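Novice: Fit the two chains together into the complex; they arrive one by one in their own frames, and the hints show the way.
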Amino acid sequence: MSDNKTLIKGRTGDWEIVMGLEIHAQVASKAKLFSGAAVGFGAGPNEQVSLVDAGFPGMLPTLNKHCVEQAVKSGLGLKAQINLKSQFDRKNYFYPDLPTGYQISQLYHPIVGEGVVEVEAEDGSFFNVGIERLHLEQDAGKLIHDLSPTESYVDLNRAGTALMEIVSRPDIRTPEEAVAYVKKIRTILIYLGTCDGDMDKGNLRADVNVSVCRAGNYAKFKETGDFGFLGTRCEIKNVNSFRFISQAINYEARRQIEILEDGGSIIQETRLYDPTAGETRSMRSKEEAMDYRYFPDPDLLPLELEQAWIDEIKANLPELPDEKRRRLMADYGLSQYDAVVLISEQAKADYFEAAAKGRDAKLVSNWVTNEVSARLAADGKDFSENPLPAAHVAQLVELIETNVISSKIAKEVFDYVWNGEGSPAEVVEKHGLKQVTDTGAIEKAVDDIIAANPDKAAAVAEKPQALGWFVGQVMKATGGKANPAAVNDILKSKLGL
Amino acid sequence: MAIDAATVRKVAHLARIKTPEDRLEPLAQELNGILNWIEQLNEVDVQGVEPMTSNVAQPLRLREDVVTDGAKVDAVLSNAPKSADGFFVVPKVVD
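Chains A and B are the protein sequences, given in the same order.
Position one of the first sequence corresponds to residue 1 (the numbering used here), numbered consecutively onward.
Position one of the second sequence corresponds to residue 1 (the numbering used here), numbered consecutively onward.
Below, computed lysine-lysine pairings styled on DSS-like, alpha-carbon distance capped at 25 Å:
#1 72/B with 142/A
#2 183/A with 5/A
#3 92/B with 91/A
#4 92/B with 82/B
#5 362/A with 324/A
#6 444/A with 494/A
#7 492/A with 444/A
#8 10/B with 91/A
#9 183/A with 79/A
#10 65/A with 314/A
#11 92/B with 237/A
#12 142/A with 82/B
#13 18/B with 91/A
#14 142/A with 92/B
#15 183/A with 237/A
#16 30/A with 72/B
In short, the hints are calculated from the structure, not lab data.
From a predicted model like this one, the values you see are computed outputs, not experimental measurements.
This is chain B alone, in the form it adopts within the complex (with noise of 0.2 Å):
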């Protein structure tokens, strides 16, 4: 699977972050060698092994519905660049 600087582009605005031009060529030309690396593990026959999911063998935890959290605006918006009444208020979203 070979990375070119188009899709270095695109994946690079897909997750929102910052790519000058003459920077996709070398990160296309990383990206190749660190996906070249991660190819040698289909070297490794896996035919009927389970996926391993945890390094410890444990099943999901899971909760039980009472409401324990919540209530806490100020934290929630602590972090927000802008904030009014309680919302966070971000630059106008059309759709």
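Just chain A, same shape as in the assembly (with noise of 0.2 Å):
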């Protein structure tokens, strides 16, 4: 495990990383976890809150029975334990977004225990990532600082709202596995619908928990469990995308790697990721207030389970991004790499089936995650969105493999067919790209461009490389037409090859 890659050059020598990640997910619902309030975005303020929200005198909270669904759906898809019988707790602490003076969470009883995630690593091979435990909870209000110099503003319409907050075990050893560990759950999330991923609305967000330790001493802490191996860690808040994670980790290493190298040592600290300044400060506010006071909620009872209902809901998953993995793998002969891009996207997994049936599958594949990826990503569009039917990748695509377009004509083909000019047999059709396989017409191209290049045709004997000029010219005076396989043959016949 401890490969180069997990190294720190230091000035005393080399150190590893080592890292957990805490991810809160906004568990997709109607309603908020314990009120009848609406979820949303975009609502004026204070508008999608009741009164059990907003903390009033004797308002009891009761629990949204489609959240704990979706808590369980996301425990099925981390292949995590389902807890039969779970708890809320009270965490205590003032702050002006959290009108009750607590929030509801669940310290000792989660809904979801251990589970694993396999993640794919950017060289292609696969790491797995533990989870510790999911649980459900409140998310706070949201405060706005720049409406008046003096004062702060409160809107608690997200107050209430239902989380799931994922924690990993301390399996992530650099910068890239955490970002790629942070794509695969949400993804997975997103398979579910149980949270619809979007980092740019907050509703997935990460905080990361960074030490730093001894080149080798990771490899103790696995085979001994004890921590002691392991440095003291800081927690690093507010690194809502996945360039902020990569540069809040390279950053907070450095510099623990700096204090520890000075002779210092690290304090157990939360701080806060500044993405203008490209630092992680100490947020010393927050550590006075760490003695949450953790008890059980009184006004909730433990929650309680069936198993059948449990496997109700196992039976009715959708397929997961692994499980599409290997089946794409399977059944339409493409590479780890293929499928891997693939399924980063639900909806283009899907698009890539709807036209690939009957087809050559790589060549759908390669079509639809190059020509239309790249088309849709210059509209910013994601596959959920794409306006290009399925029907017409899959005429393309059957076009090309009965030879009556070439693939280099195919895309110009498939530009016009982008810019809406009808299906790819229509536009082949209207724009006469039907490729030449007509031989007697490639033979009469052939034959003027020998005629006209007579040294050429002498030379090619000596230097077949040469041979490419030629198909060139008559690709040329064909328009770009010709079959190239054909040319090539009728070239080799005339020059004597």
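Specialist: Here is the structure:
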């Protein structure tokens, strides 16, 4: 495990980074976790707030069954244990975005226990990240600081929205692995429909626990389970994009190594990543309030689930990314790389499958992951907003397979189709793009070019690489529509190669 | 478990309850009295007994995922010492 990519050079020797992540994923639901107020983005201030969310005296929380189901689904998607009995606790602290003075969470008995996630690394290899737990909790409200120089404005629309906190084991070793892990969790939740994964809206956020230790100590930790081999960790908050995750980890690891190499020690604390300055800084104000005095919420009985209900949810789970990847490789003969690219977005994989029926799957995969993806990206869209019917891609590939058009001309056809000129077959007809397979026409073009270039024709016997020049000329003469294989054959026979 | 004046000061601060210095020591004694009294419960052997979470055994009541509440900004803000444009307004919080 302790190969070179996980090592960081210091002045006094090599170091390793060890990370565990806490991902907060907003549960996709209509109403909040404990109230009937709406969940959503863009409503006017405090319009989506009930008296429960606002912490009015005497108001009692009632748990949203759908949010429980979403948490169970997510747990099953993480191959994790579902706890038939869980309990809600109060995490007590005062802050203006928390009207009740406590957050309802699940410290002692989370709804989901241990699991494991298989993550693809950039080099195509896989690594496993252990999941320690997934629990349900409430989100806080939002503070707005720029409406007044002396006051903060409070909007509680987000207060009480259901979150799933997914806590990983300290199994993550590089910034790239951290990013790949978050991407994988995000993809799984989107597949399951339990979180929309919209990081721009803050619907999926990550806190990163970073520590550093001397090279080799991580292996000793893995062997013994003794956390003494690991360094003191700092929790980095506010890393809400893949880019920031990577930047924040690099900065924080470097900061800790500097301190240790100067003979100092790391204080366990919460730090905030400042993307503008590209650094992390201490959140001392949070530290003071670290004593949360958790206790079981007396307003909520333990949550008990029926195994039969869980089995039913399990039976109705959609195909998950890993299963889909294996199936695409088995059913369509795709490479792992192609399959991984396709499953990264559920709608992309669906689109591929719709287009690939009965066609050359590798070719369809190339069109989907290259041309179609590039056009969508240029328009700032994803596959769920794809205007191009999958049948068009299927037809385009069919035209290539049946030698009606060459791959080169297919790009031109695709341009017309993307611009709404009709189906590939219509476009080929309309613009006269059919490949010339009529050997008579090709032979004529070949004869003309040989006749016009006797020197080159003579030289080609000595230098067979020069054939390429003739192919180019013939293609030019036929407007790119000549079948390249036929051109090659005819040229070779005419030039005596 | 003995509570001293410093612990009372800390707990009072965490609970945002203003407590004069001369009340810390008497409060510590009061709290110790309560804790010692509760401690007596530890004498009961509850080995193998499930914790009782409710006086009548009943499952946790759940709600359907339906929007039934909200859209009552005036009521929500009714107790706010200060509000503006639908927001609660509080002294500046910096972090």
